[in-house]
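Peer 1: Read off the chains here:
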Amino acid sequence: MNTAPDRLWTLVSLQLAGEASQEELSELNGLLKAFPEAVFQAEMMKELWLQKPKPNKVQAEDAFSKHLQRLSTHLSEPVLQYEVADPEELETPVRSLRTWWWIGGVAASLMLAVGMFFQLRPARKAPQQNVVSTRPGSKSKVELPDGTVVWLNSGSRLVYDDAFNTTLREVKLIGEAYFEVAKDKTKPFIIHTQTVDLKVLGTAFNLRAYPDEATTETALIHGSVEVQVLHNPDKKIVLKPSEKLVVQNKPDLKEAAGGAATALPQPMISISKVHPLERDSTLYETSWVSNKLAFDNESLVTIAQRLERWYDVTVFITNEELKQTTYTAVFEGEQLEEVMNALQLSGGFNYSINRKEVRISP
Amino acid sequence: MNELDRIADLQHRIAILEDMRAYQELYHLLFDRLYRFSFSFVKSREAAEEIVSDVFIKLWQIRSDLKKVVALKVYLYTITRNFSINYITRHYKHQVVSLDGMEDLFVASASPEELAISAEMYQKVQAAIRDLPPQCRAIFQLVREDGLKYKDVAAIMDVSVLTVRNQVAIATKKLAAALPATLGKRIADSARFSHS
Numbered sequence: 001m002n003t004a005p006d007r008l009w010t011l012v013s014l015q016l017a018g019e020a021s022q023e024e025l026s027e028l029n030g031l032l033k034a035f036p037e038a039v040f041q042a043e044m045m046k047e048l049w050l051q052k053p054k055p056n057k058v059q060a061e062d063a064f065s066k067h068l069q070r071l072s073t074h075l076s077e078p079v080l081q082y083e084v085a086d087p088e089e090l091e092t093p094v095r096s097l098r099t100w101w102w103i104g105g106v107a108a109s110l111m112l113a114v115g116m117f118f119q120l121r122p123a124r125k126a127p128q129q130n131v132v133s134t135r136p137g138s139k140s141k142v143e144l145p146d147g148t149v150v151w152l153n154s155g156s157r158l159v160y161d162d163a164f165n166t167t168l169r170e171v172k173l174i175g176e177a178y179f180e181v182a183k184d185k186t187k188p189f190i191i192h193t194q195t196v197d198l199k200v201l202g203t204a205f206n207l208r209a210y211p212d213e214a215t216t217e218t219a220l221i222h223g224s225v226e227v228q229v230l231h232n233p234d235k236k237i238v239l240k241p242s243e244k245l246v247v248q249n250k251p252d253l254k255e256a257a258g259g260a261a262t263a264l265p266q267p268m269i270s271i272s273k274v275h276p277l278e279r280d281s282t283l284y285e286t287s288w289v290s291n292k293l294a295f296d297n298e299s300l301v302t303i304a305q306r307l308e309r310w311y312d313v314t315v316f317i318t319n320e321e322l323k324q325t326t327y328t329a330v331f332e333g334e335q336l337e338e339v340m341n342a343l344q345l346s347g348g349f350n351y352s353i354n355r356k357e358v359r360i361s362p
Numbered sequence: 001m002n003e004l005d006r007i008a009d010l011q012h013r014i015a016i017l018e019d020m021r022a023y024q025e026l027y028h029l030l031f032d033r034l035y036r037f038s039f040s041f042v043k044s045r046e047a048a049e050e051i052v053s054d055v056f057i058k059l060w061q062i063r064s065d066l067k068k069v070v071a072l073k074v075y076l077y078t079i080t081r082n083f084s085i086n087y088i089t090r091h092y093k094h095q096v097v098s099l100d101g102m103e104d105l106f107v108a109s110a111s112p113e114e115l116a117i118s119a120e121m122y123q124k125v126q127a128a129i130r131d132l133p134p135q136c137r138a139i140f141q142l143v144r145e146d147g148l149k150y151k152d153v154a155a156i157m158d159v160s161v162l163t164v165r166n167q168v169a170i171a172t173k174k175l176a177a178a179l180p181a182t183l184g185k186r187i188a189d190s191a192r193f194s195h196s
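Heads up: the protein sequence lines correspond to chains A and B, in order.
For what it's worth, UniProt numbering labels the leading residue of the first sequence as 1, then goes sequentially.
For what it's worth, UniProt numbering labels the leading residue of the second sequence as 1, then goes sequentially.
Do not rely on the hints blindly, as some may be mistaken.
Quick list of simulated restraints, FRET-style, between CB atoms [claimed, not checked]:
no. : chain 1 : residue 1 : chain 2 : residue 2 : range
1   : B       : Gln-61    : A       : Arg-359   : 54 to 60 Å
2   : B       : Arg-6     : A       : Phe-316   : 55 to 61 Å
3   : A       : Gln-128   : B       : Arg-45    : 53 to 59 Å
4   : B       : Asp-65    : A       : Lys-52    : 30 to 36 Å
It should be emphasised that the hints constitute simulated quantities derived from the structure, not laboratory data.
These figures come from a predicted structure and were not determined experimentally.
Think of the CB as a built atom: it goes at the ideal place given N, C-alpha and C, for glycine as much as any other residue.
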């Protein structure tokens, strides 16, 4: 039944759907001239057609939060797909690492023992492990097989096996390092630490994950990284350039490290901006790479930890009040004595250095 | 950035970076359309919402394979349809038909006055759309609301392009029948419509 009006509506539908050919469009024009009474309806139809439903934002928000809950219960697979290990394998090393670090102030050699434990596991083909480590008081720069450059701060350790750069680029970091990751979109670069996992493509950032510190810090310089917080698997955070992510390693660790219990509780996870040094383009977060020792409003107890690693000494602070006094300073190439003198001047404390021991008292 | 480029960008970020923000953005971009599409099958708000959720769970589960998906939007509509049909098959006996969910099919930023349509006529158009057979309505919705091409709609609905073309023509004709030939005293206004 191909009467003119039927044909006309077919042509109108083709026109409005953007599917009409040139011939069909001219046929439509001809029909509209032949049936002028349909012109008005055709225009109405066009107006109705162009009215798009208004999306219901509130409903979408609401539905998304419900959806996230369903998603987290549905995920039977490990949240990070690159964790190819079976659940047992996945669990054991993590637990060992956590246990070690929970004891606090673990020597790097013990960490190596954990590393060897992986190797000695009989069921698994033991991949050859490469370990790059720095002693307290020294720093080092390494280039990985994929061209990624890593600056390793004092008392840190970087581990990767022979599978590195085959399908993935996976490393483990204990301590602090600045990464300039070579671009390779096909092989994600993944860094495991005790508290967070990082997944990156090509980017530069500083990652500070000392087991004996209260927090794990990721400062992104450029590019993009995704941070997976391990004791909160639902939390995945994508950092933008110049953002810094600070994750508490464990709430009670602060006390174990000698911090004041009176301090305000810190949020588990916080994002802030990286902090440039005054009159300089370098950042506090990465100043150590250019051999600058920078303190950004840090407490003496935190500074003590950093001095211990930087100069390979042990620092004792005999007074609790003194531990919480804060300092902001930048040192470049100074001897320990010079640093201590400067801090002493602004802090009004006394100190003594005896071989590898520094004592700070009121 | 047009919508397809934006979707492709989000797809890339989800696949490569497992970017949760991109995932959320994609959800917000497509929720409404997928929800309405699913509703046209299952006729239940709760079920439609859950189906869209299932679709996005699936999306997250297969994120590492997303690189291979050529047209993500078409793909999402397709699994929405599959999930909706599965739902109907499972829940057929308890199917509750509610008509109110589709009322806002034509609800838009413009009010009926702005459209030069009387409230009565607006109701008639709504009724005409509601009366369309389900498949016809779903096809019409994909073409009109999302601006999808006939070949994409054919792939989503698992029908031929010719069927899509015919169904859209039928829907248009039925709607036209609900429109008055003239608007009485407002006929003079019709001069503002040009049809060159």
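Peer 1: Against this structure, judge whether each hint is valid.
Peer 2: Right, here's what the structure says about each hint:
For B/Gln-61 and A/Arg-359, the hinted distance range of 54 to 60 Å is satisfied, since their beta carbons lie about 58 Å from each other. Separated by about 58 Å at the C-beta atoms, B/Arg-6 and A/Phe-316 satisfy the suggested range of 55 to 61 Å. The hinted window of 53 to 59 Å between A/Gln-128 and B/Arg-45 holds, with their beta carbons roughly 58 Å apart. Checked against the given bound of 30 to 36 Å, the beta carbons of B/Asp-65 and A/Lys-52, roughly 32 Å apart, stay inside it.
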